[in-house]
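Novice: The chain contents come next:
There are 2 protein chains.
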Amino acid sequence: MLRVGRMTEVRALCRRARAASRGMAVRDRAEKDAALRAIAAELRARERDLLAANARDVEDARGRGTSGAMLDRLALDPRRLAQMAEAVEQVAALDDPVGAVLSDTVRPNGLRVRRVRVPIGVVAFVYEARPNVTTDASALCLKAGNAVILRGGSDAARSNVVIAGAIADALDRTGLPRDAVQLLPAGDRDAVRELLQQTDTVDLAIPRGSEAFIRFVKEVSRVPVIAHASGVCHLFVDAGADVAMAVRIAHNGKLQRPGVCNALECLLVDASDAARLLPPIARDLIEGGCELRGCERTRQLVPEAKPAADDDWGREFLDRILAVRVVDGLDAALEHVARFGTGHTEAICTRDGSHADRWRREIDAACVVVNASTRFHDGGELGLGAEIGTATSKIHWRGVMGLEGLTTFQWIIDGEGQTRG
Amino acid sequence: MLRVGRMTEVRALCRRARAASRGMAVRDRAEKDAALRAIAAELRARERDLLAANARDVEDARGRGTSGAMLDRLALDPRRLAQMAEAVEQVAALDDPVGAVLSDTVRPNGLRVRRVRVPIGVVAFVYEARPNVTTDASALCLKAGNAVILRGGSDAARSNVVIAGAIADALDRTGLPRDAVQLLPAGDRDAVRELLQQTDTVDLAIPRGSEAFIRFVKEVSRVPVIAHASGVCHLFVDAGADVAMAVRIAHNGKLQRPGVCNALECLLVDASDAARLLPPIARDLIEGGCELRGCERTRQLVPEAKPAADDDWGREFLDRILAVRVVDGLDAALEHVARFGTGHTEAICTRDGSHADRWRREIDAACVVVNASTRFHDGGELGLGAEIGTATSKIHWRGVMGLEGLTTFQWIIDGEGQTRG
Numbered sequence: 001m002l003r004v005g006r007m008t009e010v011r012a013l014c015r016r017a018r019a020a021s022r023g024m025a026v027r028d029r030a031e032k033d034a035a036l037r038a039i040a041a042e043l044r045a046r047e048r049d050l051l052a053a054n055a056r057d058v059e060d061a062r063g064r065g066t067s068g069a070m071l072d073r074l075a076l077d078p079r080r081l082a083q084m085a086e087a088v089e090q091v092a093a094l095d096d097p098v099g100a101v102l103s104d105t106v107r108p109n110g111l112r113v114r115r116v117r118v119p120i121g122v123v124a125f126v127y128e129a130r131p132n133v134t135t136d137a138s139a140l141c142l143k144a145g146n147a148v149i150l151r152g153g154s155d156a157a158r159s160n161v162v163i164a165g166a167i168a169d170a171l172d173r174t175g176l177p178r179d180a181v182q183l184l185p186a187g188d189r190d191a192v193r194e195l196l197q198q199t200d201t202v203d204l205a206i207p208r209g210s211e212a213f214i215r216f217v218k219e220v221s222r223v224p225v226i227a228h229a230s231g232v233c234h235l236f237v238d239a240g241a242d243v244a245m246a247v248r249i250a251h252n253g254k255l256q257r258p259g260v261c262n263a264l265e266c267l268l269v270d271a272s273d274a275a276r277l278l279p280p281i282a283r284d285l286i287e288g289g290c291e292l293r294g295c296e297r298t299r300q301l302v303p304e305a306k307p308a309a310d311d312d313w314g315r316e317f318l319d320r321i322l323a324v325r326v327v328d329g330l331d332a333a334l335e336h337v338a339r340f341g342t343g344h345t346e347a348i349c350t351r352d353g354s355h356a357d358r359w360r361r362e363i364d365a366a367c368v369v370v371n372a373s374t375r376f377h378d379g380g381e382l383g384l385g386a387e388i389g390t391a392t393s394k395i396h397w398r399g400v401m402g403l404e405g406l407t408t409f410q411w412i413i414d415g416e417g418q419t420r421g
Numbered sequence: 001m002l003r004v005g006r007m008t009e010v011r012a013l014c015r016r017a018r019a020a021s022r023g024m025a026v027r028d029r030a031e032k033d034a035a036l037r038a039i040a041a042e043l044r045a046r047e048r049d050l051l052a053a054n055a056r057d058v059e060d061a062r063g064r065g066t067s068g069a070m071l072d073r074l075a076l077d078p079r080r081l082a083q084m085a086e087a088v089e090q091v092a093a094l095d096d097p098v099g100a101v102l103s104d105t106v107r108p109n110g111l112r113v114r115r116v117r118v119p120i121g122v123v124a125f126v127y128e129a130r131p132n133v134t135t136d137a138s139a140l141c142l143k144a145g146n147a148v149i150l151r152g153g154s155d156a157a158r159s160n161v162v163i164a165g166a167i168a169d170a171l172d173r174t175g176l177p178r179d180a181v182q183l184l185p186a187g188d189r190d191a192v193r194e195l196l197q198q199t200d201t202v203d204l205a206i207p208r209g210s211e212a213f214i215r216f217v218k219e220v221s222r223v224p225v226i227a228h229a230s231g232v233c234h235l236f237v238d239a240g241a242d243v244a245m246a247v248r249i250a251h252n253g254k255l256q257r258p259g260v261c262n263a264l265e266c267l268l269v270d271a272s273d274a275a276r277l278l279p280p281i282a283r284d285l286i287e288g289g290c291e292l293r294g295c296e297r298t299r300q301l302v303p304e305a306k307p308a309a310d311d312d313w314g315r316e317f318l319d320r321i322l323a324v325r326v327v328d329g330l331d332a333a334l335e336h337v338a339r340f341g342t343g344h345t346e347a348i349c350t351r352d353g354s355h356a357d358r359w360r361r362e363i364d365a366a367c368v369v370v371n372a373s374t375r376f377h378d379g380g381e382l383g384l385g386a387e388i389g390t391a392t393s394k395i396h397w398r399g400v401m402g403l404e405g406l407t408t409f410q411w412i413i414d415g416e417g418q419t420r421g
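Chains A and B supply the protein sequences, listed in that same order.
One point on numbering: in the numbering used here, the residue at position 360 of the first sequence is 360, and numbering is uninterrupted.
One point on numbering: in the numbering used here, the residue at position 88 of the second sequence is 88, and numbering is uninterrupted.
Simulated from the structure, these hints should not be mistaken for laboratory data.
Some hints could be false.
As the list claims (entries may be wrong) - Output of the computed footprint for chain B on chain A, the stretches with three or more beta carbons under 8 Å from beta carbons of chain B:
no.	region
1	170–179
2	367–375
Stated by the list, open to error - With a cut-off of at most 20 Å between alpha-carbon atoms, the simulated EDC-like pairs for lysine to aspartate or glutamate come out as follows:
no.	chain 1	residue 1	chain 2	residue 2
3	B	K218	B	D188
4	A	K306	A	D319
5	B	K218	B	D172
6	A	K218	B	E128
7	B	K218	A	D200
8	A	K218	A	D242
9	A	K218	B	E219
10	B	K218	B	E128
11	B	K306	B	E296
12	B	K218	A	E219
13	A	K306	A	E316
14	B	K306	B	E287
Just so you know, even glycine gets a beta-carbon here, dropped at the ideal spot from N, CA and C.
Between the sequences and the hints, there should be enough to build the whole structure, so can you do that?
Specialist: See the structure below:
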């Protein structure tokens, strides 16, 4: 009986989201921006409640043995809360994607045919992350004219309840449907499963979290999924490359922030120039505190490197560890990436224009980088503003995903009574 | 043992498709167009074989009791075969979507950031349709730089084998990978099920066929699906509408070709003006051989109308039958469409600009039509050229889907050694 009741509840929540999405879709920019600013104000006004709830989340997480870095990401303080509110205001400042005209033609029979950006409808955002993701994702979904169903992780459960309450009240107060942002209770996989069956009311699922969690979502979902999976990013250093540039790009890709999805996980170096290129790159990384795991040819040039195991290729270390392989030229590098890459971000360092062209054309990844750090594949760096994640699916949107990725389009045909002959 | 062997075969076929897709992605327009012209020539050269195989398909279908109209759609003759070849040449004449630049900016740090159209990769096209769909879909997938796995219906099984053979040989002869078009044997649901599990090698599934078939595909697929489902299209005739225009649009929508997905299935008329509008529209449709199934108020104005059953709302008749309902103004019409529409094509006939605006803004469908026939939602009519179907999903592409819908995009970042601070 309890189970049936809970499933009915999930379905009712989704139906409310669908109704709210119809209400959201017709709002103009000013209304949506006013609501976002009200959300920021409401977050600031509830600082005490939110910090108290968060302190209990942190305490519980510590009780479950959660480690220092994870705990730090979960914990809020007045400065972090202020940043969350500011981020929501920054989304308000972004252009409204809804209504943008993607194509506009007049047919020989006088029909005007346009494709116009419209909201997707209801987005289910299922994630295991720190509280600021709750506010970022809500702000993006609302600005794009969608309703969102949030299902956050257990760690931030109490914080998310306060945040979602603040958002709903701000929506209410500014005349927008409060059900446009709803929170599904954390820690209940059956409820997630049920959510992902609601093809009538939920248009898109966006999972963000561990590999295992994303695999679970992809397996059970009957709703379309845009997955934000792992990034096994490579850098290929071509023969003849500028060694100083290669050192800089490798260092930045691996060490600037090793725990994120656009960090470098594997370095490939052309065998014909490896004796010149690899030792200085390796020395710099080792001095930066990085462990190298190399192939045989790597270890001849860099004795400090440990031997790489078979499963170090294609592995997301998310740590100060880098796999290093000497390969026989561009073709072998392309082959390695096709086999071990995850379609996230793939970089080349080269002075050869035709090799750069082949890299751009032959690499099948969300983001292809020539002579720059993989770390640039990021919403802020590419000019999108906030991001809801980085898609490694190939359908609908690829790579870093902001407001545009949260919209779809509609054909609009305007006539004067035309009929088809 | 047989089952294991067959499943292994499906997986091997998908891996060959993946390899072929890498070969296709790097071809320029001239190479792809030459292959398409060679395919057209090969189809013409095999006229005898193809007509003989098709005659056996038709014979078998007749033996299974297939009806006249279905049989007619299946049957090829020299004229239809010539049209199939011409359609492939028409795809060759379309612009190449690959390489189109969707955005191009230079960031403050000098990085150039572009989004560029690229092929999707491997498309699984599963359909139950006449043989020309095999050539149309293959031509579109190849032109967009993809590999395609075709799984046609049992009715056209022998015809499809000859067509797929002609295509593969033409690819071979023009230096393109012959595995870019492969045919999965018809009539084996387990093979389809296996195909739709190949998330490593298949990027997108496009089902086209009966409601039951599409439901099956959506249920079993772990690969992203763009569904081409039913069209329950409405026309709302607003108070004050031009009666002659309303008659023309309703007639064309319902009777020009009743068996297709963009045909009209339900007419809604504003109660406040129904006495003027509905009788002439109804008379014209009845004279055209259409059966009307109306609500109570409809039947008061049109005594010839039969009473509509509850399940006539939201029903795809695909026949000379139309549901008719008198509604209380625009809001009630929008409500009816939101409840019973399938997100395909929704039309309004109105002289009120603000009502037209609300229709464009509040209708959630792939195609919104103002003062024209729903029948215009078609690849040829909207200027796309050939189409692979009409998507009723909201993700990736909506409505009539041609070359652009068969592509995705890639971020390309070009730098001069920039690193992230």
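Novice: Looking back at the hints listed earlier, which ones does the structure fail to meet?
Specialist: 1, 5, 6 and 8
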